[in-house]
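Model the placement of chain B on the given structure of chain A, informed by the hints.
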Amino acid sequence: MARYLGAVVSFAALAVPALGAAQVAQNATVRRAQQAYDNLEYRQVLTLARAALRERLTGAERARVYELLGFTYGAMDSILKAVDAFKQVVLIDPERQLDPNRVSPKAYSAFDVALRQVLLVRQLRVDSVSFVGGQGAVPVRFTVTQPARVVARAIGTGGTVVIDSGAWNGQVNLRWPARLAGGDPVPAGTYTVVVDARLGQNTFSASQPIRVSHGRVDTVPSVTNLPGYQFLPETEIPPQSWRPVGLAFLYTGGALVGTLGLESSSLGSSSKRELGLVGGAALVTGFVMMLRKPAPRPAVANILYNRLLRDQIGRRNQDIAKENVARRQQVQVTVAPVPK
Amino acid sequence: MTRPALGALLLGLALRPAAGQLLTVGPQFVLSDYREVAAGLRYRGSGFGGALWARRDRLSVEAAVVRVSLDPADGSAATTGFTATQVDVWVAYDVAAYASVEVGVLHRNADPEFDAQSVGAVRVGARSFYEIGPGATVVFRANYLAAPKFSGGGRAAVSLDLGLGLDIRLAGRLHGTATYAFNRMNRKTNPGGTGEIDAPIQETLARVGLAVQF
Numbered sequence: 045m046a047r048y049l050g051a052v053v054s055f056a057a058l059a060v061p062a063l064g065a066a067q068v069a070q071n072a073t074v075r076r077a078q079q080a081y082d083n084l085e086y087r088q089v090l091t092l093a094r095a096a097l098r099e100r101l102t103g104a105e106r107a108r109v110y111e112l113l114g115f116t117y118g119a120m121d122s123i124l125k126a127v128d129a130f131k132q133v134v135l136i137d138p139e140r141q142l143d144p145n146r147v148s149p150k151a152y153s154a155f156d157v158a159l160r161q162v163l164l165v166r167q168l169r170v171d172s173v174s175f176v177g178g179q180g181a182v183p184v185r186f187t188v189t190q191p192a193r194v195v196a197r198a199i200g201t202g203g204t205v206v207i208d209s210g211a212w213n214g215q216v217n218l219r220w221p222a223r224l225a226g227g228d229p230v231p232a233g234t235y236t237v238v239v240d241a242r243l244g245q246n247t248f249s250a251s252q253p254i255r256v257s258h259g260r261v262d263t264v265p266s267v268t269n270l271p272g273y274q275f276l277p278e279t280e281i282p283p284q285s286w287r288p289v290g291l292a293f294l295y296t297g298g299a300l301v302g303t304l305g306l307e308s309s310s311l312g313s314s315s316k317r318e319l320g321l322v323g324g325a326a327l328v329t330g331f332v333m334m335l336r337k338p339a340p341r342p343a344v345a346n347i348l349y350n351r352l353l354r355d356q357i358g359r360r361n362q363d364i365a366k367e368n369v370a371r372r373q374q375v376q377v378t379v380a381p382v383p384k
Numbered sequence: 371m372t373r374p375a376l377g378a379l380l381l382g383l384a385l386r387p388a389a390g391q392l393l394t395v396g397p398q399f400v401l402s403d404y405r406e407v408a409a410g411l412r413y414r415g416s417g418f419g420g421a422l423w424a425r426r427d428r429l430s431v432e433a434a435v436v437r438v439s440l441d442p443a444d445g446s447a448a449t450t451g452f453t454a455t456q457v458d459v460w461v462a463y464d465v466a467a468y469a470s471v472e473v474g475v476l477h478r479n480a481d482p483e484f485d486a487q488s489v490g491a492v493r494v495g496a497r498s499f500y501e502i503g504p505g506a507t508v509v510f511r512a513n514y515l516a517a518p519k520f521s522g523g524g525r526a527a528v529s530l531d532l533g534l535g536l537d538i539r540l541a542g543r544l545h546g547t548a549t550y551a552f553n554r555m556n557r558k559t560n561p562g563g564t565g566e567i568d569a570p571i572q573e574t575l576a577r578v579g580l581a582v583q584f
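First to last, the sequence lines map onto chains A and B.
Numbered by this note's numbering, the letters in the first sequence go through residues 45 to 384 in order.
Numbered by this note's numbering, the letters in the second sequence go through residues 371 to 584 in order.
This is chain B alone, in the form it adopts within the complex:
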């Protein structure tokens, strides 16, 4: 899915909430921890983003865009930080009252480009959700990140993404949201053709925000 097509899809969903369709949109505050290659190369930071969630019958779409400024953490070997822009999209289909299968994409872009790996991957997974009270829903998801592409090259046969989500209706159309995501990519590179070396990437992300239901 190209970026313009994805934008058009999200815009269409946002502007045309049909009868029987739920739509929530809202801003988010983001905390993140990012590690790459070795324990000494780690970053921490915060940022802002936005999220959209839409449902029609059994089909739901979720998208989140965040921009996080990551700085070297205490004891990190890194000397400069970078800014990461991450887009996550999920399209889910309910297969049971408390479970969905989902597919989507993950795209993370680092700026400056060579300070960290930019990555793109396809998501395939499932999630479980349960309404634990009036207007309060918890979600747990596990995705396999298939065919990841890295700006620095390499491959990652095992890449997984875990998530925990919470949605609470605070008042009327106003919802509070909190989402945790952890992904790990077992990236391997072969610099100079001398043989593969491990260059894993690991990120944790917490998004806390508000959303308005339409």
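In isolation and in its complexed conformation, chain A is listed as follows:
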């Protein structure tokens, strides 16, 4: 009986959308009961709600009637009856939630007690995710309202894959690697994540369809520089100095002293016209070069630094090339929930 009830509830959970206060009941008795509740005529609500339950109602209308009964019993301090009424609500609509800011504390606590007395798997969520096969997982979340033996499976084109199982209660967070037993990613296609909960003879199931698709893994581009490190100029301009004119003076002076020293006394003093011409040109050149911007010279430290940086970039690109070879053999798995 409990199994049958669970199956019916599961079907109802799939077929009945969540009720909202704004939804307007089609059944006249239900509308009158709602109106009586709005007018705080609780006796009238109880009479009309019981009458409505004997009529042919949709699932949403029936859940609304039980909810009115729960609120009314709560207002009348009949907590046990309120709990019973809310149990019927969540059996019809397991995803039903009450807003604690909009309902009375009595009604909310009665609803909360009712949730704990019925085995439900609620709020099953599968997050959208994309990852490289074998290097990520699909987050699966749900809530079990009573301690129960729970099995989560993915059923689809690739067969049935057990996601996880265990004795759980309350909020459950699972991570499904979306892999087959052999380690390969599950084939692309549409799957249904089914969560079965069992407590004694009571069972409950919740499901969420998902779509699994495969794509190519993006390769990593090679790098031309390393973050935080920049190539330095391989030449530097030395500061201006007197060195050019000094050297010209030194060289010219050497020639002059050498000439004076080597002159033969018997031949007399030699002509200085030639030395004056060339030495003067050297001195003028040295003076001009002293005033000019010096020529760039190799910056050895920067050259060595750039060489090291180039080596590092080369090694990094080699690693990237190896990584890209591996990436080209991998599969990008994308999982997205599909609306029911």
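Warning: the hint list may mix true and false statements.
[To be verified] To give an idea of the interface, some chain A residues facing chain B are shown, with a C-beta separation under 10 angstroms as derived from the structure: (1) D121; (2) D128; (3) L291; (4) A292; (5) Y295; (6) T296; (7) L300; (8) T303; (9) S309; (10) L311; (11) G320; (12) K337; (13) P340; (14) V344.
[Claimed, not checked] Among chain B residues calculated to face chain A with C-beta under 10 angstroms, some are: (15) A408; (16) G410; (17) Y463; (18) E501; (19) I538; (20) G546; (21) A548; (22) Y550; (23) N553; (24) E566.
Bear in mind the hints are in silico, worked out from the structure with no lab data behind them.
Just so you know, these numbers come straight off a predicted model, no measurement behind them.
By construction, the Cβ of each residue, glycine as well, lies at the ideal position given by its N, Cα and C atoms.
Structure of chain B alone, referenced to chain A:
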């Protein structure tokens, strides 16, 4: 080194500038002062010539040929001038960033032959060079002139040659060059076997010119 072999070497260097090799060739204007035997025998003159410089790695070759018309200077005892043709060759090897050792030859020929001494000698020496600015290099050299031979005979145990050079890159491949050379030869002769007498020779030379780099 014979004259044809030297010419072939220079021609080969001039025509085949390989990768990594520098070559400059250009004309020169020359000023010269020449003295021989005594203070009263001195000449001054000018002329033209050409120079070649080539480098490959640490090895460099420099050659200069000048032809100078020398006339008796003021107060000189000489009555007629002569024409001197001088060839200088250096082959240098860099032993440091600013220094080279070099060997070479010097040959000076006087025309008419008996108006002045013709001389040939081997050079051995060193030079220092330094880049004093972008494209500007100064050079100082000192050579010992070994085993000089004179057309009039004699010997010179001490013969030295000093030089100062300047090379400036004027624009692109065009260089300006200026070279000073001073050489003195303590020549001694023994005319008629009566005993050695001093007959020194002293020359200063300035070469100024342009050169094109290949």
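So, going through the hints one by one against the coordinates:
The restraint placing D121 (chain A) at the interface with chain B is violated, with a minimum CB-CB distance near 103 angstroms, outside the 10 angstroms limit. At its closest, the beta carbon of D128 (chain A) sits 101 angstroms from a beta carbon of chain B; the interface hint therefore is violated under the 10 angstroms criterion. Taking 10 angstroms as the C-beta contact cut-off toward chain B, the hint placing L291 (chain A) at the interface holds, the least distance being around 5 angstroms. Proximity of A292 (chain A) to chain B holds as hinted, the smallest CB-CB distance being about 6 angstroms (cut-off 10 angstroms).
Nearest Cβ of chain B to the Cβ of Y295 (chain A): about 5 angstroms, under the 10 angstroms cut. The hint holds. At a threshold of 10 angstroms, the smallest CB-CB gap from T296 (chain A) to chain B is about 6 angstroms, leaving the interface hint in force. With 10 angstroms as the threshold, the beta carbon of L300 (chain A) comes within range of chain B, its nearest partner Cβ sitting at about 9 angstroms, so the hint holds. At a threshold of 10 angstroms, the smallest CB-CB gap from T303 (chain A) to chain B is about 5 angstroms, leaving the interface hint in force.
Interface restraint check for S309 (chain A): the shortest CB-CB distance to chain B comes to about 9 angstroms, inside 10 angstroms, so the restraint holds. With a cut of 10 angstroms, the hint placing L311 (chain A) at the interface with chain B holds, because the nearest CB-to-CB distance is about 4 angstroms. Checking G320 (chain A) against chain B: minimum C-beta separation of about 9 angstroms stays under 10 angstroms; hint holds. For K337 (chain A), the interface hint holds, the least distance from its beta-carbon to any beta-carbon of chain B being 8 angstroms, beneath 10 angstroms.
Taking 10 angstroms as the C-beta contact cut-off toward chain B, the hint placing P340 (chain A) at the interface holds, the least distance being around 9 angstroms. For V344 (chain A), the interface hint is violated, the least distance from its beta-carbon to any beta-carbon of chain B being 14 angstroms, above 10 angstroms. A distance limit of 10 angstroms between C-beta atoms decides the matter here; for A408 (chain B) the minimum to chain A is near 6 angstroms, and the interface restraint holds. About 9 angstroms separates the beta-carbon of G410 (chain B) from the nearest beta-carbon of chain A, less than 10 angstroms, and the hint is met.
For Y463 (chain B), the suggested interface contact is broken, since its CB lies about 20 angstroms from the closest CB of chain A, more than 10 angstroms. Interface hint at E501 (chain B): satisfied, since its Cβ lies 8 angstroms from the closest Cβ of chain A, which is below the 10 angstroms cut-off. Here the hint on I538 (chain B) is kept, as its CB sits about 6 angstroms from the closest CB of chain A, short of 10 angstroms. Hint status for G546 (chain B) relative to chain A: holds, with the closest Cβ pair at about 8 angstroms, below 10 angstroms.
Checking A548 (chain B) against chain A: minimum C-beta separation of about 5 angstroms stays under 10 angstroms; hint holds. A cut of 10 angstroms between beta carbons decides the hint on Y550 (chain B): the least distance to chain A is about 4 angstroms, and the hint holds. Proximity of N553 (chain B) to chain A holds as hinted, the smallest CB-CB distance being about 8 angstroms (cut-off 10 angstroms). At about 14 angstroms, the closest approach between the beta carbon of E566 (chain B) and any beta carbon in chain A exceeds 10 angstroms, and the interface hint on this residue is violated.
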